[in-house]
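Order-wise, the sequence lines are chains A and B.
Per full-length UniProt numbering: the first sequence = residues 1 to 301.
Per full-length UniProt numbering: the second sequence = residues 1 to 191.
No lab work stands behind these hints: they were computed from the structure.
Watch out, some of these pointers could steer you wrong.
Stated by the list, open to error - Quick list of in silico lysine-lysine cross-link-like pairs, DSS-like style, CA-CA up to 25 Å:
no., chain 1, residue 1, chain 2, residue 2
1, B, K93, A, K27
2, A, K27, B, K92
3, A, K272, A, K297
4, A, K284, A, K272
5, B, K32, A, K46
Claimed, not checked - Chain B stretches covered by chain A per the calculated footprint, using a threshold of three residues with CB under 8 Å from any CB of chain A:
no., segment
6, 67-76
7, 84-90
What the hints assert, rightly or not - A few chain B positions that, by computed beta-carbon distances, are all more than 10 Å from chain A:
no., residue
8, E2
9, L22
10, F28
11, K32
12, L79
13, T111
14, Y127
15, Y131
16, L145
17, C153
18, L159
19, L179
20, A180
21, L181
22, L184
23, S187
In this text the structure is predicted, and so the values were computed from the model without any measurement.
Virtual Cβ for every residue (Gly too), placed ideally from N, Cα, C.
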Amino acid sequence: MNTAIMVVLVMTGVGLIFGLILAFANKAFAIEVNPLIEIVEEALPKGQCGACGYAGCAAYAEAVVLDPDVPPNLCIPGKKPVADEVAEITGKKSAEVEPQVAQIRCNSGIAESTKKYNYVGIEDCIAASLVQGGPKGCQYGCMGFGTCAANCPFDALSMGENGLPIVDQKKCTGCGKCASVCPKHVIAMSPIGEPVSVLCNSKDKGAAAKKVCSVACIGCGACKKSCPYDAITVENNLAVVDGKICLEKCNNPICLEKCPTGAIVPLTEDAKKASVVIKEAAAKAKAEKAAQAAQAKKEEK
Amino acid sequence: MEYFTLFMGAVVVNNFVLTKFLGLCIFFGVSKNLSASAGMGIAVTAVMVMSSALAWLIYNFILLPFGLTFMTTAVFVLLIASFVQLLEMVIKKYSPALYNMWGIYLLLIATNCIVLSIPLINVESSYGFLYSLVNAVGSGLGFALAIVLMASCREKLRLADVPKPLEGIGIAFIIAGMLALSFLGFSGMIG
Numbered sequence: 001m002n003t004a005i006m007v008v009l010v011m012t013g014v015g016l017i018f019g020l021i022l023a024f025a026n027k028a029f030a031i032e033v034n035p036l037i038e039i040v041e042e043a044l045p046k047g048q049c050g051a052c053g054y055a056g057c058a059a060y061a062e063a064v065v066l067d068p069d070v071p072p073n074l075c076i077p078g079k080k081p082v083a084d085e086v087a088e089i090t091g092k093k094s095a096e097v098e099p100q101v102a103q104i105r106c107n108s109g110i111a112e113s114t115k116k117y118n119y120v121g122i123e124d125c126i127a128a129s130l131v132q133g134g135p136k137g138c139q140y141g142c143m144g145f146g147t148c149a150a151n152c153p154f155d156a157l158s159m160g161e162n163g164l165p166i167v168d169q170k171k172c173t174g175c176g177k178c179a180s181v182c183p184k185h186v187i188a189m190s191p192i193g194e195p196v197s198v199l200c201n202s203k204d205k206g207a208a209a210k211k212v213c214s215v216a217c218i219g220c221g222a223c224k225k226s227c228p229y230d231a232i233t234v235e236n237n238l239a240v241v242d243g244k245i246c247l248e249k250c251n252n253p254i255c256l257e258k259c260p261t262g263a264i265v266p267l268t269e270d271a272k273k274a275s276v277v278i279k280e281a282a283a284k285a286k287a288e289k290a291a292q293a294a295q296a297k298k299e300e301k
Numbered sequence: 001m002e003y004f005t006l007f008m009g010a011v012v013v014n015n016f017v018l019t020k021f022l023g024l025c026i027f028f029g030v031s032k033n034l035s036a037s038a039g040m041g042i043a044v045t046a047v048m049v050m051s052s053a054l055a056w057l058i059y060n061f062i063l064l065p066f067g068l069t070f071m072t073t074a075v076f077v078l079l080i081a082s083f084v085q086l087l088e089m090v091i092k093k094y095s096p097a098l099y100n101m102w103g104i105y106l107l108l109i110a111t112n113c114i115v116l117s118i119p120l121i122n123v124e125s126s127y128g129f130l131y132s133l134v135n136a137v138g139s140g141l142g143f144a145l146a147i148v149l150m151a152s153c154r155e156k157l158r159l160a161d162v163p164k165p166l167e168g169i170g171i172a173f174i175i176a177g178m179l180a181l182s183f184l185g186f187s188g189m190i191g
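Modelling step: build the complete structure from the supplied sequences, incorporating the hints.
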């Protein structure tokens with residue numbers, strides 16, 4: 001009996017002491033949380049994609065409220081409405097959000113590429129890339145196992161029949177999650193409405209690139225020379241189009257005609273039409289030239 | 001030398017996870033990726049050392065003199081649970097960076113058997129204060145070693161072709177068994 005009372009007393013005492021200590025500590029170490037953080041977090045899309053550069057929506061909300069240097073327009077999936085809302089809540093100046101979409105910088109489907117070997121492992125790009133850099137002939141190209149599509153938080157990517165992912169421009173928020181999981185870094189974020197792009201990621205020299213893929217960029221620089229706006233740069237045997245310059249200045253993409261392999265691809269409807277016109281004009285000019293030459297030869301005779 | 005033997009013994013020979021099978025819930029719960037498991041290992045070690053020190057003081061200065069040693073387990077449970085809570089508050093207040101790293105693990109540890117077992121073993125074997133601390137550090141690092149090994153295996157496993165019925169936790173148990181088997185090789189080496 002005595003022991004039982006003892007036990008009850010001691011446990012009550014100990015529990016009381018620890019409880020009091022905790023209660024006191026709760027007051028002493030209380031942290032004032034800015035209520036704005038929660039409001040900002042509510043306003044964010046909660047894709048937890050990390051495109052803002054923070055660990056998640058909550059981390060960005062905290063940063064944007066507490067740090068005056070963090071701009072309110074970092075949420076790319078949220079686009080302008082969210083940026084405006086966050087700006088209003090935090091009292092910061094709203095700025096333009098550059099709308100972006102994912103772009104698969106490889107146009108080499110099953111028909112256009114060669115195969116190194118037959119891969120029979122897990123259907124996952126990261127797994128496949130561990131085996132000699134993947135089964136594709138080109139070590140820079142899209143392997144087509146759809147890791148990007150599986151990781152898209154907004155369901156904007158699907159795998160096409162030719163083994164390349166298709167971006168649903170309406171669903172894509174430009175968060176860049178797919179680009180971060182792609183072991184080949186073949187996905188780039190590009191401005192919405194970019195008229196043309198080099199859909200190739202190969203840094204191999206011309207002949208080597210051409211050997212494994214019929215639509216590879218061989219880094220010849222013909223497009224660069226033809227571009228009047230300096231929108232194209234060639235580095236490591238790979239031409240890259242600065243979509244912003246194209247979008248702002250160019251409405252006559254002559255680079256499309258100059259590319260010997262067709263690695264530059266028109267992306268918008270306008271660019272596709274323009275490319276047809278340019279190609280027709282070029283074919284006409286060529287035919288005329290040939291006719292002229294034939295005539296000159298005739299006359300010489 | 002005595003301390004070193006105790007330390008090595010706690011790390012590998014008497015590894016708490018792999019030879020005594022304590023702390024298995026966090027061992028399986030947090031060993032899915034390497035960085036999280038390393039964080040967990042460090043958090044467990046730190047909490048173990050601090051709670052061992054506290055428990056030793058309480059045992060030797062309160063429970064023992066008043067003849068309440070039969071209540072050791074109950075008191076230690078209370079002590080560790082509240083201490084971890086307190087630690088969480090203090091870290092949250094003074095080091096938000098550390099809290100971001102540890103915070104989620106701390107509450108998982110609060111009621112874990114592995115943290116409770118060290119102070120209990122310390123007092124049962126009537127270790128001195130320093131001896132208790134060395135034992136706690138060793139056991140904590142042993143836990144960290146085990147969970148990091150496990151996480152490395154499971155990270156590799158993600159790419160392996162596991163039979164359907166064994167996917168996930170099933171294969172994890174098999175791996176743990178194999179790790180335990182290999183740690184059996186250390187038994188009898190020290191103490």
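Unmet hints by their number, sorted upward, for this structure: As far as the earlier hints go, 3, 12, 18 are violated by this structure, in ascending order.
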